[in-house]
Structures are given as C-alpha cells and as structure tokens.
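What follows is each chain in one-letter form.
2 protein chains.
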Amino acid sequence: MRDALIAAAFELFLERGFEQTTIDDIVALAGVGRRSFFRYFPSKEDVVFPDHERCLAEMTAFLQTGGDEEPVARVCDAARLVMRMYADNPSFSVQRYRLTKSVPGLRNHELSVVWRYERTLADYLRRRFAGWSEGTLRADVIAASVVAAHNHALRSWLRSGGQGDVAARMDPVLDYVQSAWGPAAEAQGAGGREAEDVVVLVAKRRTPMWRVVRGIETALEES
Amino acid sequence: MRDALIAAAFELFLERGFEQTTIDDIVALAGVGRRSFFRYFPSKEDVVFPDHERCLAEMTAFLQTGGDEEPVARVCDAARLVMRMYADNPSFSVQRYRLTKSVPGLRNHELSVVWRYERTLADYLRRRFAGWSEGTLRADVIAASVVAAHNHALRSWLRSGGQGDVAARMDPVLDYVQSAWGPAAEAQGAGGREAEDVVVLVAKRRTPMWRVVRGIETALEES
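Quick note, the sequences are listed as chains A and B, same order.
Mapped onto the numbering used here, the consecutive letters of the first sequence carry residue numbers 37 to 259.
Mapped onto the numbering used here, the consecutive letters of the second sequence carry residue numbers 37 to 259.
Isolated chain A (complex conformation):
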C-alpha cells in the first residue's frame, strides 16, 4: 500500500504539479483511505522522500559499528549509503530531483533531511575526536565537507539523467575530501609502497599550505 501511495502521488505531482495535488487526490487514485496515507507519511512532502528515514536509521547503525576504521573514511562510507539509495532506483531519483528543484517547499524539506544526515556524521566524528583540541570544530567542518562533496557528485549524476555509474563519480570527490582531512596516504591505496619510506619536502616558509599539501601529494604520486 505504501508503494501504491508513492506511485499515485508521483503520477499526480508530475501531471498537475506538487502544490495542485491534495492528499485526498492521492488517496483517491491509490484507492485507499485518508488515514492510510498518514500511517505511512507525516506530510505530503514526506511521500516525495519515502526512503530517507530508513536510510538515516541505516547510517546511524553503520556508524555505531566498525570503530577501528579511520574516522574520515568511515563517514565517507556512511555517505555512500545515501548514494546507494538514489542509485537503487535511478529513474525515480531523477524524477524526484526535477520535481524538488521546481518546488520551494520540497527544496526546503530536502534541506532539512540533508541537515539530519550532516548532524549524524558530525555527531559520530565528535565522538571519535573527543578530547582532541578543536575536535568539535573539526567534526562539524569535515561532516559539512563530506556532505557537500557527496551532493556535488550526486547532483551531477542526477542532472545527467542518472546515466552511468554514480559510484564512479562519487569515489574521486570523496577521495578529494579524504586527502584534505584524512590520512591521504592510506586513502590512496599505497600500492607497493614501503611503509618506512620517507618524504622530504622543502618549502619556503610563506608557501601557502595548499601548495605544501599539493607538493606532498605530487611526491607521493611520482614514486
């Protein structure tokens, strides 16, 4: 019945527009009573994002296990759960993306969902960074970076009409965040490198930090 309500809702949203569709229209088309709708969805907005609650619960559970993984890598893997939810049903995801872009109320609803994902990631990182100086700041900034990078890749895939493999777009952007905030050498896979090798970098004192980091990355790639 839940699936029938989602199908009926989308049929009407695409035909008449989101604002012009009432919950009564949806239940009439699905052939169920009004109370059934509210058993599954708190509001008309929620029927547009039917899987986020499940995905949030999955992310929370995921972050309660696997305590040994490097924290930034772990939140990147947690973000991939959201990507997979979209990838499981490309045509539905693309339809929803187009609908959400054109309806401010849905856009705001989506922002509130994204914010909950970000808080879930940040809360995990705050636990992992407990006791670090600047630990909570670091947690908040990394969570925001991961969400921004994830959404950057996801949106580009949605704009393309859901063509190709979203994971292939996701991996480089999450690697980018990991190389900025996490243990870059680990993330790069270190194929065949000796753990005891050393990198010596000489830089002028006023060299911008990003140039230093890029210099180290280049040195690691070349060897």
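It is possible that part of the hints are untrue.
Pairs count within a copy or across copies, as identical chains cannot be separated in the list.
[Stated by the list, open to error] Calculated lysine to aspartate or glutamate pairs in the DMTMM-like style (CA-CA distance at most 25 Å, straight line):
1) K137 with E170
2) K137 with D82
3) K137 with D159
4) K80 with D124
Think of the hints as simulated: they come from the structure by calculation, not from any bench.
Fit chain B to the given chain A structure using the hints.
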C-alpha cells in the same frame, strides 16, 4: 512600522509560542492592518529573520568587489557579514536562537537561508576557480566548510547567551578553515618571519596528511 511588527511578533512568539500566534494577532498588537504585514514579510517565518535578505544582498555586493584578495580569505570575510548582523543585536539574536531551536518550521526556514548564503559563497568561488581542475568541487566544499565553521562559532556564542565578543570566537575557526584550504602562511600573519626561510619536514610515507599538516604548523609556531 516594520520594527513595530517585529517587536509585536516576538512579544507574542515568546509569550504564546510561534505556532499559536497568528498574523492577525501580530497586526492587532502592532496596531496596523494585515496588508501592511505582507508588505514587509512574505510569511510569518520571515518576521523571525528580518535582516537576512539585506545581509544576503550585502554579501553578494561584497563578493562582486575586491577581486584581488585570496579567494578563501574573501569568503571568510563575507561570512563575517552574517556574524556582524547577529552581533549588532545580541539579545534579539539570542531570543531568536532559542525560539528557532524549539520550532521545527523555523529551523527549516533557517536552513533554507543558510543554504542561500552557502550558494552565494560557492558561486563566488566557482567564478574564482574557473578553469581549475576540480574547481567546482573545491568551491562547493570550501563554501560548506566556511559555513560550518562560521555556524560552529556563532552557535557557541548564542548558547553562551551572547556574552563576550563573537569576533574573538570567529577568528580562530575561520583561520582553521583557511589553513586547511587557503594560503595558511599568509593567514597567520607571519609576524617577523623572513619570507625566504625554509621549512623542512621529514615524514614516513604513510603518515596521514593531517599529521603532516600539523607537523608543519607546529614547526611554524615554534620558530
């Protein structure tokens, strides 16, 4: 009249609650007609955030000038415009923070405003990074980092009841973002340091990047 409407609205929101207050209640207390309300505010939510439109316009204008400044420093300065809007009226800002935390509809409205600030910063960075490889990704991630760091400091000040100087909380968190993404040495002011000094850092190849960065920062601080 605009100020009278804001004052009346807050008096009622704090007394009865946001949801329990109607626009009719607000205009009655302010002694004006219903149409006057809508001349200033599109919705009841907007009266809670009366200065964001002005601040967004100010930020947009600010980012259209000063093209020579280092891009990350520029968006950090743009974020400080938002901080100043809060700092201009600490008691109002703290009242609003408490109200927003307790009303989901206001929380969502605020998220949509934060998203517009973030897009404004990201659009500026995308222009500055045009032609860079990964330029749009870098723009999106840095904008998200700056907003997260700004909100981290702003919320801690609001939680404290608006005590002390918010700028003193803001500077270190924005420096933190700049040292991760922008030219750190410039940002640190380089008091008395010679530009031609060199830093030599020796690290094991598999050292996490954050440890390398921290090592360089420590070396810079010690000298």
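Verification of the hints:
Taking the shortest Cα distances, K137 and E170 sit within 25 Å of each other only across copies (24 Å), while inside one copy they are farther apart (36 Å). Taking CA atoms no more than 25 Å apart as the test, K137 paired with D82 passes in both settings, with 16 Å inside one copy and 21 Å between copies. In this homomeric assembly, K137 and D159 come within 25 Å of each other (Cα to Cα) only across copies, at 17 Å, whereas the closest approach inside a single copy is 29 Å. In this homomeric assembly, K80 and D124 come within 25 Å of each other (Cα to Cα) only inside a single copy, at 23 Å, whereas the closest approach across copies is 39 Å.
Consistency note: the structure conflicts with none of the earlier hints.
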